[in-house]
Amino acid sequence: MTAAQSYLEQSSPPGRTGWKAWLLTHDHKRLGLMYLWAILFWFVLAVILGLLMRTELMGMGRTIMGPEAYNSMFTLHGVIMIFLFGIPAIPSIFGNFFLPIQLGADDVFFPRLNLLSWYLFMFGGGFAVFSLFSGDGFPDTGWTFYVPFSISSAGNVSLTVTAAFILGMSSMLTGLNFVTTFHRMRDKAMGPMQIPLFTWSLYATAWVQILATPVIAITFVLVVLERFLSIGLFEPDKGGDPLLYQHLFWMYSHPAVYIIILPAMGVISEIIPAFSRKSIFGYKAIVYSSLAIAIAGSLVWAHHMYSSGMSDVSVFVFSLLTFLVAVPSAVKVFSWVSTMYKGSIAMSPPFFLSLCFIYLFTVGGLTGLVLGAAGTDIHVHDTHFVVAHFHFVMLGGTGFAFFAALHYWWPKMFGVMYRNRPAYVGAVAAAVGFVFHFVPMLILGMQGMPRRYYDYLPQYETGNFLAGFGAYLLVFGLLLMLLNLVFSLRNPRTAPANPWGGTTLEWSIPSPPPVENFTDSPNIKDFPYDFSEIVSNSNK
Amino acid sequence: MTTRIDATGTRIGMWIFLYSEIILFGGLFVLYAVYFYEYPELFAKGGKELNRIIGSLNTVVLLVSSFTVASSITAIQRGKKGQAMGFLAFSIFCGLVFVVNKYFEWGAKIHHDIYPNSATLQDGEPGLNIFFGLYYVITGLHGLHVIIGMVLLTVSLILVLRGRITASRYALLENSGLYWHLVDLIWIFVFPLFYLVL
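Note that the protein sequences, when read in sequence, are chains A and B.
In terms of the numbering used here, the first sequence has 467 at position 467, counting the first letter as 1, and numbering is strictly consecutive.
In terms of the numbering used here, the second sequence has 62 at position 62, counting the first letter as 1, and numbering is strictly consecutive.
The hints are simulated quantities; they were obtained by calculation from the structure and are not laboratory data.
By construction, the Cβ of each residue, glycine as well, lies at the ideal position given by its N, Cα and C atoms.
Do not take every clue at face value.
[Claimed, not checked] Below, in silico cross-link-like pairs of lysine-lysine (DSS-like), each with a Cα-Cα straight-line distance of 27 angstroms or less:
1. B:102 <-> A:238
2. A:20 <-> A:278
3. A:284 <-> A:188
4. A:342 <-> A:278
5. B:102 <-> B:45
6. B:81 <-> A:238
7. A:238 <-> A:284
8. B:109 <-> B:45
9. B:48 <-> B:109
10. A:238 <-> B:45
11. A:238 <-> B:109
12. A:525 <-> A:342
[Stated by the list, open to error] Coverage of chain A stretches by chain B, computed from C-beta distances (three or more under 8 angstroms per stretch; other residues unrestricted):
13. 173-187
14. 215-221
15. 225-239
[Said to hold, decoys possible] Sample of chain A residues facing chain B (criterion: CB under 7 angstroms; computed from the structure):
16. 44
17. 109
18. 248
Chain A extracted, bound-state conformation:
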C-alpha cells in the first residue's frame, strides 16, 4: 500500500475535496478524528474550569471568585465532563474508528446516521456555549439539574438542558449504529467468542445508551416544560413529587457512568494482553462481566437517593443491587492482573497508563462500596468523599483509559510515533498529582466537608490547600501528554502496521488504514488474543 491510499488522503464517498471531504464524510475513521478534536477541546476547557475551582478552594473565603461564579463553574465542569467528554470520548472516537475494523467491516452500518450524530454532538455543544452567553446568566444548578431549584433558578437552565437533550440523541444514535453494525457488518467468519473485547464492551455500552438515554430525554423535556408552563408535575404544592424527578434522572444518569466506564474497561482489556504478550485471562468472563455490568448497572440508580427520603425496603434493595455490580467489576480486575502474571511484559506508555487505571479504578471501586452501603453513605452523602470517589472512577478510570487508548492507537490513527519520554513523565505526573489531589478530598469528606461550596470551615483549610498542588501537577501531566501527542503529528508517517505486537484486526492493516479498511479480505483468527505468532516472530 502507498500513503496515497490512506483514509487521510482519500475521501469517502470518493471524489470529495477540501472541507467537503471532511464535513460531509461517510468514513467512520474521519468521523472518529472529528470527534477527537471536538472532545479534546471540551476536555481541556473543563479541566481548566476544574483547576480554577480548586484554586478558589486553596484558601478560605473568596480567593479568585465568588459563590455565583463558583456555582456556575461546577455546573459547567460537570455538564461538559459528563455529556461532552465522558459519555462520547471512548465510544465516539475510538469506537467509531476501531469497532468496524475489529469486526472486519469497511464502515459502520449507517454511515450517514453516523455523520448526523457528529452534527448533533457539535450542535449540542454549540447550544451549551450559547446558553452561557444568553438569558439571565450561567446555569448554576449542578449537572444534576435537581428540581425544584432547576425550575426556579434564574440561570439559563432551559437551553443547557436542551443542549444535554441533543447530546443524548447523538449518543443514542451512535449506540444504535454500533448495535446494528455489530450484528450485521461482522465478518461472517467471526463468531461471538472471536470478537475483540473492546468491541464487546462497546456493544454492552451501546445497549445501555439505547435503553437509558430516552429516560433522560423525557426528564429534560419535562424540566423545560415546567420552566415555561409551570405545570407542577414535580412541585409539592401543585400535587407533584420532586423525588420522582430524582428517580427519572438517575434512571439514566447512573447507567451513564457505566456508559462512561465500560468502554474504558474494554480499552484496558486490549492493552494488557498486547503488552504482556499473553492471551487475555478469562476472555469469556470479561465478555459476560461487561454484559452483567450493563444489566445490573441499570438497576441501581436509587443508591444516589438514600438521604432523599425513600422507604427502608427500597434502600435495602438498591444497596444490595449496588453491591452486586462490584462482582463483575472485580472479575475484570482479577482477569487483567492474571493476564500479566507470567507474561512477557513490554513496558510502554499505554501499558503504564493501563496500570495506573487498574490501581486508581480499584480505589474508586472500593470507595464506591462505602457509598453503596446505606449506613456509611448517610455519613458521607454530599461531601467531598463522593466527589473524590467519583473522580477516582471517572478520571482515574475512564480518564486514564482514554489517555491509554490515545497512546495505544495514535500510531494507527495517524501513522506517526510519538516520543516516549514526555509521555512517561506526563503519565507519572498525572498519576501522582491525581493521588495527591483526590486522597485529601477523601479525607476531607470523611471529616464532613460538603461539596459544592466555594468556602469552608477553618479545619478544612490544610487539606484543601494541599489538594490544590496535586491538581496543578495532575493538569501539568495531562497537558504534557496531550502536547506530546499533538507535536508528534509533525513527524513523518512511518509508524509500522503493528508497532506494539497487537493481535486484533486493526494491527493487520497499514497505519494509517486505507479508506475501506481492508485491501484484502481480513484473516479472522480462531481466538483474537492468540500471541503464538507474535512470540515466535520475536524469538527469531
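Mind docking chain B on chain A? Use the hints.
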C-alpha cells in the same frame, strides 16, 4: 468484508429506534402510574371531564390508518403503485383528522379554563392539576409524533410518486409504516389511561 445494503439491518436499526421511543413515553407512563396510585379518585374525576366520543373517534381513525398504511406496503410489494399512493394519502388524511380533533378537544378544554397553570387548576385540587398536566404533556407529545409520522408518510408518498420506492426497494416506506404503527400503539395506551379511567 460485509456489504452494507441489507434490509434486515435497516429494520433492526428502526426497531431499536422505536424501542427508544417507547422508553421515552415509558418515562411519562411511570409518572402516570405513580400519581394514579396517589390520587385515584381525582384521576377518575378528571377522566370524566374528557370527551369520550372524540377520544373513541380518534382511536378508530388511528386504527384504520394503521391498516391502510400496512395495505400500502402490501400494494407496493405487488407493484400496484396507484393503489399504494391511494392508501398512503388516506392514511395521511386520517392523521389530519386526528390532529384536527385534538385541536378542537384542547381548544374546548382551554376555553373551560383547564390548561397548565390555569386559575381553575391552580385553585383546584392538586390531583386534578396533575391529571390534566399529564394529559397535556402526554397527548401533546403524542400529537407531535402524529405530525412527524404524517411528514414521514408524505415523504414516502412523494417518493412512491417519483418511482424511488418500488416493489424491490421499499425500506423507507416500511420504516415510515413502522413509525406510524408505533404512534398508533402508544395511543392505544394513552386512550384508556385518560378517557376510560373510572
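Okay, the hints, checked on the actual structure:
no., hint, verdict
1, B:102 <-> A:238, "holds, 26 angstroms"
2, A:20 <-> A:278, "violated, 44 angstroms"
3, A:284 <-> A:188, "holds, 20 angstroms"
4, A:342 <-> A:278, "holds, 9 angstroms"
5, B:102 <-> B:45, "holds, 20 angstroms"
6, B:81 <-> A:238, "violated, 54 angstroms"
7, A:238 <-> A:284, "violated, 52 angstroms"
8, B:109 <-> B:45, "holds, 15 angstroms"
9, B:48 <-> B:109, "holds, 13 angstroms"
10, A:238 <-> B:45, "holds, 17 angstroms"
11, A:238 <-> B:109, "holds, 19 angstroms"
12, A:525 <-> A:342, "holds, 23 angstroms"
13, 173-187, "holds (count 9)"
14, 215-221, "holds (count 5)"
15, 225-239, "holds (count 9)"
16, 44, "violated, 32 angstroms"
17, 109, "holds, 5 angstroms"
18, 248, "holds, 6 angstroms"
The structure shown violates the earlier hints numbered 2, 6, 7 and 16.
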